[in-house]
Amino acid sequence: MNNRKIIYQFGYRRCADQDRPSPARHPVIVVGAGPVGLCAAIDLAQRDIPVVLLDDADRIGEGSRGICYAKRTLEILDRLGVAAPCLEKGVTWKIGKVFQRSDLLYAFDLLPEDGHKMPAFINLQQYYLEHALVERAAGLPNLEIRWGNKVIGLKHRNNGATLNVETPEGSYELDTDWVVAADGARSTLRGMLGLAFQGEVFEDRFLIADVKMKGDFPPERWFWFDPPFHDGHSALLHKQPDDVWRIDLQLGPHADAKAEQAPERVIPRLRQMLGHDDFSLEWVSVYTFQCRRLERFVHGRVVFAGDSAHQVSPFGARGANSGIQDAENLAWKLALVAKGEAPESLIESYDLERSAAADENIGHSTRSTDFIAPRSAQELRFRDSALSLARHAPFAKRVVNSGRLSTPSTYETPLSTPDADTWSGSARLGAPLPDAPMRDRNGRPIWLLEALGGRETILHVPNGEQPPTGSHVLIIVDDLIDEHGFFAQRFDAIPGSTYLVRPDQHLAARWRHATPSAFKSASRRLRGFEGGHA
Amino acid sequence: MSTLVTENRFADPDRAYRALIEAHRGLSDDDSAALNTRLVLILANHIGDHSVLQEALALAKQSMGTAEAKS
Chain D
1 MNNRKIIYQF
11 GYRRCADQDR
21 PSPARHPVIV
31 VGAGPVGLCA
41 AIDLAQRDIP
51 VVLLDDADRI
61 GEGSRGICYA
71 KRTLEILDRL
81 GVAAPCLEKG
91 VTWKIGKVFQ
101 RSDLLYAFDL
111 LPEDGHKMPA
121 FINLQQYYLE
131 HALVERAAGL
141 PNLEIRWGNK
151 VIGLKHRNNG
161 ATLNVETPEG
171 SYELDTDWVV
181 AADGARSTLR
191 GMLGLAFQGE
201 VFEDRFLIAD
211 VKMKGDFPPE
221 RWFWFDPPFH
231 DGHSALLHKQ
241 PDDVWRIDLQ
251 LGPHADAKAE
261 QAPERVIPRL
271 RQMLGHDDFS
281 LEWVSVYTFQ
291 CRRLERFVHG
301 RVVFAGDSAH
311 QVSPFGARGA
321 NSGIQDAENL
331 AWKLALVAKG
341 EAPESLIESY
351 DLERSAAADE
361 NIGHSTRSTD
371 FIAPRSAQEL
381 RFRDSALSLA
391 RHAPFAKRVV
401 NSGRLSTPST
411 YETPLSTPDA
421 DTWSGSARLG
431 APLPDAPMRD
441 RNGRPIWLLE
451 ALGGRETILH
461 VPNGEQPPTG
471 SHVLIIVDDL
481 IDEHGFFAQR
491 FDAIPGSTYL
501 VRPDQHLAAR
511 WRHATPSAFK
521 SASRRLRGFE
531 GGHA
Chain Y
1 MSTLVTENRF
11 ADPDRAYRAL
21 IEAHRGLSDD
31 DSAALNTRLV
41 LILANHIGDH
51 SVLQEALALA
61 KQSMGTAEAK
71 S
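As given, the protein sequences belong to chains D and Y, one line each in that order.
Mind the numbering: the first sequence is residues 1 to 534 in my numbering, read in order.
Mind the numbering: the second sequence is residues 1 to 71 in my numbering, read in order.
For the record, the hints were derived by calculation from the structure and aren't laboratory data.
Note that the coordinates shown come from a computational prediction; the quantities given were computed from them, not determined experimentally.
Any given hint could turn out to be false.
[Unchecked claim] Dumping the calculated SDA-like pairs for lysine to any residue here, alpha-carbon to alpha-carbon at most 20 Å:
#, chain 1, residue 1, chain 2, residue 2
1, D, Lys97, Y, Asn36
2, D, Lys397, Y, Ala34
3, D, Lys97, Y, Ala34
4, D, Lys397, Y, Ala44
5, D, Lys397, Y, Leu43
6, Y, Lys61, D, Arg398
7, D, Lys258, D, Tyr287
8, D, Lys397, Y, Lys61
9, D, Lys397, Y, Asn45
10, D, Lys397, Y, His46
11, D, Lys94, D, Pro468
12, D, Lys214, D, Val91
13, D, Lys397, Y, Asn36
14, D, Lys397, Y, Val40
15, D, Lys397, Y, Leu35
[Stated by the list, open to error] Short, incomplete list of chain Y residues facing chain D, as computed with Cβ under 10 Å:
#, residue
16, Leu27
17, Asp30
18, Ala34
19, Ile42
20, Asn45
21, Gly48
Glycine included, each C-beta is placed from N, C-alpha and C at the ideal position.
Chain D on its own, in the form it takes in the complex (with noise of 0.2 Å):
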């Protein structure tokens, strides 16, 4: 059953290319308009790369949905526009809480301190984030999103690659200089290019729901090992806007998809989780998931990015925004090389950094499955043996895993600079900047990360000494006032202290006293060129 409203429609509407004699030419084609899509597509835009964004669909608003955006995903909607309406209709949280049975084992909290613009999570359906992206596309002058565009076709050229794609007036031909692949867990470009995924598949089944209801349960992530309501299985609960609610309920391997799907089993169920049945079914899926990858991201001139290229339980949240991070990590590279500013082989760091991220996000996923959905007698006494101490030693709760929530992937990369002194602060190398509450030189509040935006960025603090020069330096005291010391603090930051910010507010490099030659090799490096050597 699936009666979830198709809330928006896009109309397909013929274009000048399917007219042409020969194909038309164009720098970046994104195929598919989910959040992975539309995100790479709109952070090309905005660095002045034309984009034609292709999606088979002519609306959104279908099939199973992520609904937790994690703070560093919404500083990257920030940057692109778009976080305003998200955080407006999104129901933010921080707080998760663990049962087991009916009592309250643990809380966590995903950010315990201030001074940070964007907050731990949000949950927002998914169509309202891509409705939100396809209006903030439709700003961009340089971004054209043609709906009902199907890729059924994809030849490898020098330096290239030309789609074939069908419309409902019939077939065009494009050619690019580059593909991003943003089309989803089951890609078509993935399977013309004959790829195999590799990793496990899990065989327990989830059932997923939502419902609308008038709850007083709070914004909290609430999840159950052994629910009264549910014996011996796990629960989770989320809080959505518009009164609606995500019960994820597992099943275990040998449950009935189609059987549980039922509203005279789903209704039931839920009725004995929630004490009433006052709630009426949005929406009814049941699942199964697989933790998995592409060997490679990058195949030629086609770059795969979110779900195409890795998938993960939902436990964690580690889906939608890891995707949304590798829309980030490509976008700034693939516009430095189409502008000619850095050589191809960066692409390969986003082949390198955000495969990492991949195995980074499936172990955490695959842990998490490990001890929701135990395999073996034993597996479950583990688990179970874990979850009763959790009430009387304090490291059992740590190892308590009811899904490790995402965070943002700190790279070891050769685009970084290794660090030559020492540092303390939550600043990491390759990690993305903290962020900071600060004033700007007239005096109003900006947050850090809304002064760094998407360019490459010097951040010095004066000592007194002529301060470096780039094409973006902020200057701490002058540019940006550090009125509450969250800067000082979070960088380990003193007179002298200089940083080097990535396009995508990345920590690329840092130095308590740097000379412009260190500077210029840093910047090159972050840029791709071999060895950063000037």
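Take the given structure of chain D and dock chain Y to it, following the hints.
Okay, now just chain Y, sitting in the frame of chain D:
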């Protein structure tokens, strides 16, 4: 990184062994297995060193192989 100690460390190893036996005496196989599992988790945390844990796992697995060979 430390390594697994395989020499005896107890002043009175017979007494320590006896404590394990007494803890299990009278338990069903299931309860025994549950007790052992908890004990493994507690002791693994006390060791708190991933490489020592790996060595202990390897030694345990290795001894299963030799026990079979001898029988």
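Here is how each hint holds up against the structure:
1. Lys97(D) - Asn36(Y): violated, 28 Å
2. Lys397(D) - Ala34(Y): holds, 18 Å
3. Lys97(D) - Ala34(Y): Status violated; Cα separation ~25 Å.
4. Lys397(D) - Ala44(Y): holds, 14 Å
5. Lys397(D) - Leu43(Y): holds, 15 Å
6. Lys61(Y) - Arg398(D): Violated, because 26 Å separates the two Cα atoms, which is more than 20 Å.
7. Lys258(D) - Tyr287(D): holds, 10 Å
8. Lys397(D) - Lys61(Y): violated, 28 Å
9. Lys397(D) - Asn45(Y): holds, 12 Å
10. Lys397(D) - His46(Y): holds, 15 Å
11. Lys94(D) - Pro468(D): violated, 39 Å
12. Lys214(D) - Val91(D): Holds, at about 15 Å.
13. Lys397(D) - Asn36(Y): holds, 19 Å
14. Lys397(D) - Val40(Y): At roughly 15 Å apart (the allowed maximum being 20 Å), Val40(Y) and Lys397(D) satisfy the hint.
15. Lys397(D) - Leu35(Y): Between Lys397(D) and Leu35(Y) the Cα gap is close to 18 Å, so the pair holds against 20 Å.
16. Leu27: violated, 14 Å
17. Asp30: It holds, given that the least Cβ distance between Asp30(Y) and chain D is near 9 Å, below 10 Å.
18. Ala34: holds, 6 Å
19. Ile42: holds, 7 Å
20. Asn45: holds, 4 Å
21. Gly48: holds, 9 Å
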